[in-house]
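S.K.: Order-wise, the sequence lines are chains A and B. In terms of the numbering used here, the first sequence opens at residue 14 and continues consecutively. In terms of the numbering used here, the second sequence opens at residue 375 and continues consecutively.
No wet-lab data here; the hints were simulated from the structure. On a predicted model such as this, the values are computed, not experimentally measured, just so you know. Among the clues, some could well be false.
Partial pick of chain A residues on the chain B-facing surface, computed with a CB cut under 10 Å [said to hold, decoys possible]:
| hint | residue |
| --- | --- |
| 1 | Thr76 |
| 2 | Trp100 |
| 3 | Ser104 |
| 4 | Leu110 |
| 5 | Asp114 |
| 6 | Ala255 |
| 7 | Asp313 |
Virtual Cβ for every residue (Gly too), placed ideally from N, Cα, C.
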Amino acid sequence: MVETRALTRRFDDRVAVDGLTLDVGAGEVVSLLGPNGAGQTTTFRMLAALLMPTSGEATIAGTRLTPSSADATRSRVGLLTEAPGLWERLSVRRNLLTYADLHGVTDSGARVAAVMDAVGIADRADDRAGALSKGLKQRVALARAVVHDPQVVLLDEPTSGLDPASARQVRNLIRQLRGDGRAVLVSTHNLSEAEELSDRIAVLNARLLAFDTPRRLREERRAAVVAIEVEGEATAWLRVAAQLEGTSATADGAVLTLRVPDHDSVPDIVAALVAAGARVRRVEPTHATLEDAYLALVRDDG
Amino acid sequence: MGDRWRRIRAIARKDAEEVRSQPALLLPAAAMVLGLAVPALTVLLVVPRLSGESLADAGFTDPGAAAAAMGIEAGRLTDEGLAQVFLLQQFLVFSLLVPIMGSLSLASQGIIGEKQARALEPLLATPIRTGELLAGKVVTPFVLSMALLAATFLLYLVAMSTWGEPGVWLTLLGRRTLLLFLVLGPLVSLMGLLAAAIISSRVNDARTAQQWGALLVLPLTGFFVAQLTGQFLLGTGALLVTALMLVVVCAALLAVGVRVFQRETILMRWK
Numbered sequence: 014m015v016e017t018r019a020l021t022r023r024f025d026d027r028v029a030v031d032g033l034t035l036d037v038g039a040g041e042v043v044s045l046l047g048p049n050g051a052g053q054t055t056t057f058r059m060l061a062a063l064l065m066p067t068s069g070e071a072t073i074a075g076t077r078l079t080p081s082s083a084d085a086t087r088s089r090v091g092l093l094t095e096a097p098g099l100w101e102r103l104s105v106r107r108n109l110l111t112y113a114d115l116h117g118v119t120d121s122g123a124r125v126a127a128v129m130d131a132v133g134i135a136d137r138a139d140d141r142a143g144a145l146s147k148g149l150k151q152r153v154a155l156a157r158a159v160v161h162d163p164q165v166v167l168l169d170e171p172t173s174g175l176d177p178a179s180a181r182q183v184r185n186l187i188r189q190l191r192g193d194g195r196a197v198l199v200s201t202h203n204l205s206e207a208e209e210l211s212d213r214i215a216v217l218n219a220r221l222l223a224f225d226t227p228r229r230l231r232e233e234r235r236a237a238v239v240a241i242e243v244e245g246e247a248t249a250w251l252r253v254a255a256q257l258e259g260t261s262a263t264a265d266g267a268v269l270t271l272r273v274p275d276h277d278s279v280p281d282i283v284a285a286l287v288a289a290g291a292r293v294r295r296v297e298p299t300h301a302t303l304e305d306a307y308l309a310l311v312r313d314d315g
Numbered sequence: 375m376g377d378r379w380r381r382i383r384a385i386a387r388k389d390a391e392e393v394r395s396q397p398a399l400l401l402p403a404a405a406m407v408l409g410l411a412v413p414a415l416t417v418l419l420v421v422p423r424l425s426g427e428s429l430a431d432a433g434f435t436d437p438g439a440a441a442a443a444m445g446i447e448a449g450r451l452t453d454e455g456l457a458q459v460f461l462l463q464q465f466l467v468f469s470l471l472v473p474i475m476g477s478l479s480l481a482s483q484g485i486i487g488e489k490q491a492r493a494l495e496p497l498l499a500t501p502i503r504t505g506e507l508l509a510g511k512v513v514t515p516f517v518l519s520m521a522l523l524a525a526t527f528l529l530y531l532v533a534m535s536t537w538g539e540p541g542v543w544l545t546l547l548g549r550r551t552l553l554l555f556l557v558l559g560p561l562v563s564l565m566g567l568l569a570a571a572i573i574s575s576r577v578n579d580a581r582t583a584q585q586w587g588a589l590l591v592l593p594l595t596g597f598f599v600a601q602l603t604g605q606f607l608l609g610t611g612a613l614l615v616t617a618l619m620l621v622v623v624c625a626a627l628l629a630v631g632v633r634v635f636q637r638e639t640i641l642m643r644w645k
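Sequences are here, hints too, so could you generate the full structure?
M.R.: Now the structure itself:
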């Protein structure tokens with residue numbers, strides 16, 4: 014449903030998105046993770062035909078993105094922007110009807126009623142958008158993003174700043190979008206949310222650092238993280254651990270946590286610590302979290 | 375209705391509902407209608423009655439010749455009637471402030487309101503085209519400005535037909551007045567709208583935009599003062615030339631407006 018090949022966007026000398034290649038299928042949720050400024054918003058803006066790529070290509074719902082196909086692309090994509098951006102003096106219904114008209118939806122009244130029902134705001138249809146809570150505003154914005162029944166939905170930080178209950182409701186709505194067979198791309202800084210929602214995760218830092226299922230991303234990093242418990246304070250052995258090539262270490266109480274190039278290097282590390290006088294009590298690979306994998310990827314990227 | 379008109383109408387209707395939800399937005403322009411008409415009508419109709427001194431005796435240089443120079447068919451007006459016509463025409467030029475200020479006020483509020491609400495990006499993510507967005511954003515302020523200008527015209531018409539010298543009100547239906555209200559009025563309104571759109575792309579506060587836009591008032595004030603002091607009189611021909619100049623200015627502003635309303639420009643450069 015969404016395919017990008019070497020998608021690149023430059024702003025003067027700065028490369029915001031660098032050679033991004035990924036694909037998202039129908040009924041799939043892909044999360045984009047990355048530090049602030051890593052290019053998620055620019056990627057979304059290109060996929061929503063708001064910005065044209067400097068180079069590379071993108072195909073959205075079967076249409077290759079070009080300046081001449083931009084209008085058609087925008088009809089097939091729903092974008093939830095980082096801020097809800099509602100017209101606060103207007104009713105929820107008027108907000109949505111305006112967007113339905115802008116997208117050329119036929120029988121816009123019925124469609125708006127259907128999406129308000131789907132996101133659970135039908136009982137607030139005639140309330141001013143400005144009178145709604147942040148969570149409800151986000152639901153209205155989500156309804157706005159799908160009022161024209163797009164095949165591709167782009168959600169920029171959909172749960173940012175929401176209380177846990179509202180965030181859960183939004184996550185359920187995202188699952189609903191997947192269930193409807195839409196391709197959903199989500200930008201988030203919430204790693205547990207990404208893990209919970211996503212079929213695959215793309216880690217970006219201007220360029221694509223990794224693109225896989227959450228489980229594989231974790232597993233790829235699992236063998237390379239090891240916890241070593243020593244007698245006394247582990248900080249005493251940080252210097253020894255750090256001297257080993259390709260290894261970085263942190264200490265917490267009696268536990269040294271080392272990120273190592275591969276699993277085979279663990280015996281050498283233990284030997285080096287023992288030779289330096291450490292008394293090792295326990296060695297075990299830790300359960301790497303998505304956060305470990307993400308942080309390692311971004312750190313390795315420099 | 376084609377998709378294009380549907381999108382323009384959607385934006386215009388949305389803007390109209392926003393104005394309806396906060397009628398105070400119209401107050402400055404509505405106050406200007408009264409602020410211009412009441413002093414003018416006071417000078418024309420009230421002061422001579424209170425002072426007992428007619429306008430004809432106030433020392434204007436041959437108001438009949440002046441009216442003729444402005445292309446007004448004075449007919450069989452009394453001397454007082456000619457003096458009223460002469461002064462009335464000066465004040466009518468100043469009425470063009472209504473569409474300028476109304477357009478500036480409403481359009482800058484409309485565009486900066488979108489920026490402040492962060493509503494532009496979702497709006498741009500729809501299939502609306504640059505020209506359609508610009509057109510949609512000017513429709514409501516334009517219609518309201520024209521309504522206020524029409525109210526100004528009616529106010530003068532009713533007042534002059536009720537309390538003016540016989541026949542003076544008929545000059546309001548003459549070529550010069552109709553040119554002012556039906557041609558120059560819409561043009562200066564359009565100029566104000568386009569200027570508001572361009573200025574609003576660079577500032578984040580409607581008042582700042584309105585203050586910059588108010589510079590447009592200066593040439594009009596100049597005309598008013600120059601006419602009143604007898605430096606020159608804007609006849610029908612001069613008004614037509616002014617209208618042509620305004621068409622050129624509006625075309626130039628439209629070209630700039632379409633550039634600043636490009637999606638990438640709005641997303642990346644509007645601050």
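S.K.: Checking hints one by one. Is serine 104 of chain A an interface residue toward chain B, by the C-beta closer than 10 Å rule?
M.R.: holds, 9 Å
S.K.: Hold the hint about leucine 110 of chain A up to the distance rule: shortest CB distance to chain B must be less than 10 Å.
M.R.: Hint holds; leucine 110 of chain A Cβ to chain B Cβ min 8 Å, cut 10 Å.
S.K.: Just to be careful: measuring from the Cβ of threonine 76 of chain A to every Cβ in chain B, is the smallest value less than 10 Å?
M.R.: Violated. Min distance 13 Å.
S.K.: How about aspartate 114 of chain A: closest beta carbon in chain B under 10 Å, or not?
M.R.: holds, 4 Å
S.K.: Double-check alanine 255 of chain A for me: the hint is only fine if its C-beta lies closer than 10 Å to a C-beta in chain B.
M.R.: violated, 43 Å
S.K.: With a cut-off of 10 Å, does the beta carbon of tryptophan 100 of chain A approach a beta carbon of chain B closely enough for the hint to hold?
M.R.: Because about 6 Å separates tryptophan 100 of chain A from the closest Cβ in chain B, which is inside the 10 Å limit, the hint holds.
S.K.: The hint names aspartate 313 of chain A as touching chain B; please verify it with the least Cβ-Cβ distance against 10 Å.
M.R.: Result: violated, 31 Å to nearest chain B Cβ.
When each numbered hint is compared with the structure, violations occur for hints 1, 6, 7.
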